[in-house]
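These are the residues of each chain, in order.
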Amino acid sequence: MFQVNRAYPYIFYLSLITYLLSIFWGLFLTPEDFVQGNSYRIIYLHVPASFISQSLYLAMAIASAVYLIWKVKLSVYLVRSIAPIGAVTTFIALISGSIWGIPTWGTWWVWDARIVSTLILFIMYLGLISLHDSFNNNEKADKFLSILVLVGSVNIPIIKMSVEWWSTLHQPASITLSEKPAIDLVMLYPLFGSIIGFTGLITCLVILSSKLQIIKREKNKSWVKDYV
Amino acid sequence: MKPVRKKRLQTVLLILATSALGSFFIIRALDSKLDFFYTPSEIFLEEIPENKRIKIGGMVLENSVIREKTKISFIVSDYQGSINVEFDGIVPDLFKEGSGVVVLGYLKDKTIIAEEVLAKHDENYMPPSIDIEK
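In the order they appear, the protein sequences are chains A and B.
In this text, residue positions in the first sequence follow my numbering: the first is 1, and each later residue adds one.
In this text, residue positions in the second sequence follow my numbering: the first is 1001, and each later residue adds one.
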């Protein structure tokens, strides 16, 4: 924990500055989009939030596997502390998408594959939290939590591929590993900045949340009593 | 790796494989029901009954939009098939010829009587100046 504590302020301030600068750049210094006008600018919130909400789930899945195989307690504390943050970022992704949908699509909600699979991700995060909290026995709760996280991880490739596999109202990805981005570079640079900054800020939240989780779970240990 | 951990690793892989296989079969069974809309060429293949509410999606064909007071009619095409659409109402700002559209309505005399028209945005983002240069 000592090293994380030392790195924490650097991560926090660097990410905060990166995110604020990218948002300012994206909102005020980039030109309008040729069809969407100004409403495209919600991309600087929507894309980072969607990216993080899926990445956090993958992190949870890896941590769950580590817990199930090596029984590292810290690993499952991490899973439990990521879940609420994942729920919030997924919620931001859904809401920002809806706000963008009104001027663009002409509706705030449709039941297409991308939106439904993201909604399922949101419900899964909430389900995982309530599952873990409904047990009296911590060890059992940890085990069921990590198994369920692994089962749910199939949803992540489904979200990713939903726009390719089915016809959806949601557009396909603009940034892919294999092709030239479909976003013009003047809009792309601040987008990358906002993704990096947002990821850093969420990482800080995960650090804080897992510290709390450790203290909560190890509250009977003498070092925690000394620390608090 | 210790034998007990190896066994646990196998369990983890088994959980992943089972859930992947399970969802694969569910998705296979649902097949095209997960599609948000039909394309114009699919409509006549599927023999959709009239008066059933369906969604069709495609491109608004160039020079096909006819406006008359509040009514608007246009042709939706997927470059293999096309279908006429009639709509009485307000279309979204992004609705225009040559761009994507999703129409909710029902089939009547090989025409879609639309109840709702949604614009579909593609993955391209660029400033207006570059558009003019093209």
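Do not rely on the hints blindly, as some may be mistaken.
DSBU-like cross-link-like pairs, simulated, lysine-lysine; straight-line CA separation at most 35 Å [to be verified]:
| no. | chain 1 | residue 1 | chain 2 | residue 2 |
| --- | --- | --- | --- | --- |
| 1 | A | Lys211 | A | Lys225 |
| 2 | A | Lys160 | A | Lys71 |
| 3 | B | Lys1096 | B | Lys1108 |
| 4 | A | Lys140 | B | Lys1069 |
| 5 | A | Lys73 | A | Lys160 |
| 6 | B | Lys1055 | A | Lys140 |
| 7 | A | Lys160 | B | Lys1052 |
| 8 | B | Lys1055 | B | Lys1108 |
| 9 | A | Lys73 | A | Lys180 |
| 10 | A | Lys71 | B | Lys1110 |
| 11 | B | Lys1007 | A | Lys211 |
| 12 | B | Lys1069 | A | Lys73 |
| 13 | B | Lys1002 | A | Lys180 |
| 14 | B | Lys1069 | B | Lys1110 |
| 15 | A | Lys143 | B | Lys1108 |
| 16 | A | Lys160 | A | Lys219 |
| 17 | B | Lys1110 | A | Lys219 |
| 18 | A | Lys221 | A | Lys160 |
| 19 | A | Lys71 | B | Lys1007 |
| 20 | A | Lys221 | B | Lys1096 |
| 21 | B | Lys1110 | A | Lys140 |
| 22 | B | Lys1108 | A | Lys216 |
| 23 | B | Lys1006 | A | Lys73 |
| 24 | B | Lys1006 | A | Lys221 |
| 25 | B | Lys1006 | A | Lys160 |
| 26 | B | Lys1033 | A | Lys219 |
| 27 | B | Lys1055 | B | Lys1007 |
| 28 | A | Lys219 | A | Lys71 |
| 29 | A | Lys73 | A | Lys211 |
| 30 | B | Lys1110 | B | Lys1052 |
| 31 | A | Lys225 | A | Lys160 |
| 32 | B | Lys1052 | B | Lys1096 |
Read the hints as simulated data drawn from the structure, not as lab findings.
Now the hints, each set against the structure:
1. A/Lys211 / A/Lys225: 14 Å, holds
2. A/Lys160 / A/Lys71: With a Cα-Cα distance of about 30 Å, the restraint between A/Lys160 and A/Lys71 holds, given a limit of 35 Å.
3. B/Lys1096 / B/Lys1108: 24 Å, holds
4. A/Lys140 / B/Lys1069: 66 Å, violated
5. A/Lys73 / A/Lys160: Within the cut-off at roughly 30 Å; holds.
6. B/Lys1055 / A/Lys140: Judged against 35 Å, a Cα distance of about 47 Å means the pair is violated.
7. A/Lys160 / B/Lys1052: 31 Å, holds
8. B/Lys1055 / B/Lys1108: 14 Å, holds
9. A/Lys73 / A/Lys180: 43 Å, violated
10. A/Lys71 / B/Lys1110: Measuring from Cα to Cα gives roughly 63 Å; hence the hint is violated.
11. B/Lys1007 / A/Lys211: Roughly 31 Å separates the two Cα atoms, so the pair holds.
12. B/Lys1069 / A/Lys73: 68 Å, violated
13. B/Lys1002 / A/Lys180: Distance of about 46 Å is beyond 35 Å: violated.
14. B/Lys1069 / B/Lys1110: The given pair, whose Cα atoms are some 23 Å apart, holds under the 35 Å limit.
15. A/Lys143 / B/Lys1108: 56 Å, violated
16. A/Lys160 / A/Lys219: 40 Å, violated
17. B/Lys1110 / A/Lys219: 71 Å, violated
18. A/Lys221 / A/Lys160: 42 Å, violated
19. A/Lys71 / B/Lys1007: Holds: A/Lys71 and B/Lys1007 sit about 13 Å apart, inside 35 Å.
20. A/Lys221 / B/Lys1096: Violated, at about 66 Å.
21. B/Lys1110 / A/Lys140: 60 Å, violated
22. B/Lys1108 / A/Lys216: 64 Å, violated
23. B/Lys1006 / A/Lys73: OK: B/Lys1006 and A/Lys73 at ~18 Å, within 35 Å.
24. B/Lys1006 / A/Lys221: 31 Å, holds
25. B/Lys1006 / A/Lys160: With Cα atoms ~31 Å apart, B/Lys1006 and A/Lys160 stay inside 35 Å; holds.
26. B/Lys1033 / A/Lys219: 51 Å, violated
27. B/Lys1055 / B/Lys1007: 49 Å, violated
28. A/Lys219 / A/Lys71: Given pair A/Lys219, A/Lys71 holds - Cα atoms ~19 Å apart, limit 35 Å.
29. A/Lys73 / A/Lys211: Answer holds: A/Lys73 to A/Lys211 is near 13 Å, not above 35 Å.
30. B/Lys1110 / B/Lys1052: 13 Å, holds
31. A/Lys225 / A/Lys160: At roughly 44 Å apart (the allowed maximum being 35 Å), A/Lys160 and A/Lys225 break the hint.
32. B/Lys1052 / B/Lys1096: Roughly 26 Å separates the two Cα atoms, so the pair holds.
The structure does not agree with the numbered hints 4, 6, 9, 10, 12, 13, 15, 16, 17, 18, 20, 21, 22, 26, 27, 31 stated previously, though it agrees with the rest.
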